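Student: Chain by chain, the residues:
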Amino acid sequence: MTLTTVLLMSVPLALLCLLLGLIYKGIDRRLGARMQARTGPPVMQPLRDIRKLMLKENIVPKHAVPWLFSLMPVVALGSTLALLMYVPLFGQAPLLGSYGDMVSVLYMLLIPSLTLVIGGFVSSSPYAVVGAQREMVTMISYEFPLAITIVAFAWLASVAAPGSAAFAFSTFSAVPVWSMTSILGSCGLIILFAVMIVVTSGEMGAVPFDAAEAETEIAGGLLSEYSGRNLALFYMASAVKMVVLGSVIIALFLPFGISGYAGLEGMAAQAADAGFFLLKLFAVIFAASTFPRVAVPRLRITQIVKMYWVYATAAAIIGLTLIGIDVLVEAI
Amino acid sequence: MTGLLVTSSGYWHPLAWLAVMASAVILALIIRSFGNNRFRKGTDQQVPFYSGNRAPEGRIKSSNLYWGFFTAMEKYFRWLRRLHTGIVNDYVYWFVLVMVIMLAAVMLGGGP
Numbered sequence: 001m002t003l004t005t006v007l008l009m010s011v012p013l014a015l016l017c018l019l020l021g022l023i024y025k026g027i028d029r030r031l032g033a034r035m036q037a038r039t040g041p042p043v044m045q046p047l048r049d050i051r052k053l054m055l056k057e058n059i060v061p062k063h064a065v066p067w068l069f070s071l072m073p074v075v076a077l078g079s080t081l082a083l084l085m086y087v088p089l090f091g092q093a094p095l096l097g098s099y100g101d102m103v104s105v106l107y108m109l110l111i112p113s114l115t116l117v118i119g120g121f122v123s124s125s126p127y128a129v130v131g132a133q134r135e136m137v138t139m140i141s142y143e144f145p146l147a148i149t150i151v152a153f154a155w156l157a158s159v160a161a162p163g164s165a166a167f168a169f170s171t172f173s174a175v176p177v178w179s180m181t182s183i184l185g186s187c188g189l190i191i192l193f194a195v196m197i198v199v200t201s202g203e204m205g206a207v208p209f210d211a212a213e214a215e216t217e218i219a220g221g222l223l224s225e226y227s228g229r230n231l232a233l234f235y236m237a238s239a240v241k242m243v244v245l246g247s248v249i250i251a252l253f254l255p256f257g258i259s260g261y262a263g264l265e266g267m268a269a270q271a272a273d274a275g276f277f278l279l280k281l282f283a284v285i286f287a288a289s290t291f292p293r294v295a296v297p298r299l300r301i302t303q304i305v306k307m308y309w310v311y312a313t314a315a316a317i318i319g320l321t322l323i324g325i326d327v328l329v330e331a332i
Numbered sequence: 001m002t003g004l005l006v007t008s009s010g011y012w013h014p015l016a017w018l019a020v021m022a023s024a025v026i027l028a029l030i031i032r033s034f035g036n037n038r039f040r041k042g043t044d045q046q047v048p049f050y051s052g053n054r055a056p057e058g059r060i061k062s063s064n065l066y067w068g069f070f071t072a073m074e075k076y077f078r079w080l081r082r083l084h085t086g087i088v089n090d091y092v093y094w095f096v097l098v099m100v101i102m103l104a105a106v107m108l109g110g111g112p
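Going down the list, the protein sequences come from chains A and B.
Going by our numbering, 100 is the number at position 100 of the first sequence; the sequence numbering is gapless.
Going by our numbering, 32 is the number at position 32 of the second sequence; the sequence numbering is gapless.
Simulated from the structure, these hints should not be mistaken for laboratory data.
These figures come from a predicted structure and were not determined experimentally.
Glycine included, every Cβ here is placed at the ideal spot set by N, Cα and C.
A few of these clues could be false.
[To be verified] Stretch by stretch, here's where chain A covers chain B in the computed footprint (C-beta under 8 Å, at least three residues): (1) 13 to 22; (2) 27 to 41; (3) 46 to 54; (4) 66 to 72.
Next comes chain A alone, as it looks inside the complex (with noise of 0.2 Å):
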């Protein structure tokens, strides 16, 4: 597929998991508020209220450096929809899978994140500013357990199918994780899994995660200037993201289709295919967003710290020993 092909293709994927993020949103409000034993939005909600922010004033607050308050979410859209090309998505290999791997995608994540940092700084809100540097701490804190996670997932494939691309998630559609090792890394690869749903909770700043938002404390921290336009624009960035981080989980442990199951062939067992990543995508952020919001209550920063750089790193040391022992027993 040439670039110019790719480029054509992405507006109507871009805008097709831009609804996608926002409904998948609304389903999780939905569902929050009704573990929590509330009504809860209509699922549409997210829709109706990027409407209604696209129409209020965007205010540029008096201090702020407005061309680099302006910019920022414009970046932070456009960063999370250039990431869709990325990643596989609807069972299909991704648009520019050619283009960039794993560890691209893993740079090119922090870009959202950044341009919440940068918008937060220059807005001139004592607020906001606290709210970036506690954004910067939690980026700084889950970096770790996620990049050992992801040097497990290349040591696992170089060594289990040497001459593939390690970074490549070609390479994990092509073979799943789980038949490349026995009981002992499976072990080790359910602890990578949970590892990588905290971890997505902290990327996508989910409860318990939302130290740098909490507007119970800090009246929406790196948001809390932010209105109209500018702030629908961070609003559907976060909902791209969610696809994003939910599809690179689905590509790396769940990796698999229903079509061969059933047999089905051509059209057919793409659309199931389809259905299918839906219904992982939907579990994946249940998971990662909805639970934890309900279950846990908000971490302090120093919590959060604590969480990512101990518990979580020394979790995916002991996943990766765990599969580091399994391909070595089974290479005697």
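Knowing the structure of chain A, use the given hints to seat chain B on it.
Tutor: Here is chain B on its own, set in the frame of chain A:
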């Protein structure tokens, strides 16, 4: 493929990323253009929200930016400070230790 940077285990194409990023940013700008771009300048709308109090005037100083990091990662910084004894011998010990760990990792991993 022209422009594709390939290492022993990974690859990426910076020009392709720039092209995709540029088109995605254009799409974001188009979406943004549908929104309202007005507000009342010179009014209290533009005063930063500070729970009803007057927010500190001017921009936040860069010296204040580190406070959040030191507070959130206080234990880590305290540990780091203890390591910085100012004695050269200690730094050399650390250098040798890190070199040994890195060489062991390279030897066990089989190297590039």
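Student: Evaluate each hint against the coordinates.
Tutor: Quick rundown of the hints versus the structure:
1. Proximity of the segment 13 to 22 of chain B to chain A, defined as three or more residues with a beta carbon under 8 Å from a beta carbon of that chain, is established by the 6 residues found.
2. Only when three residues or more bring their CB closer than 8 Å to a CB of chain A does the claim for the segment 27 to 41 of chain B stand; here the count is 12, and the claim holds.
3. Under a criterion of three residues with beta carbons nearer than 8 Å to beta carbons of chain A, the stated coverage of the segment 46 to 54 of chain B is upheld, 6 such residues being counted.
4. With 5 residues bearing a CB less than 8 Å from a CB of chain A, the segment 66 to 72 of chain B meets the requirement of three and the coverage assertion stands.
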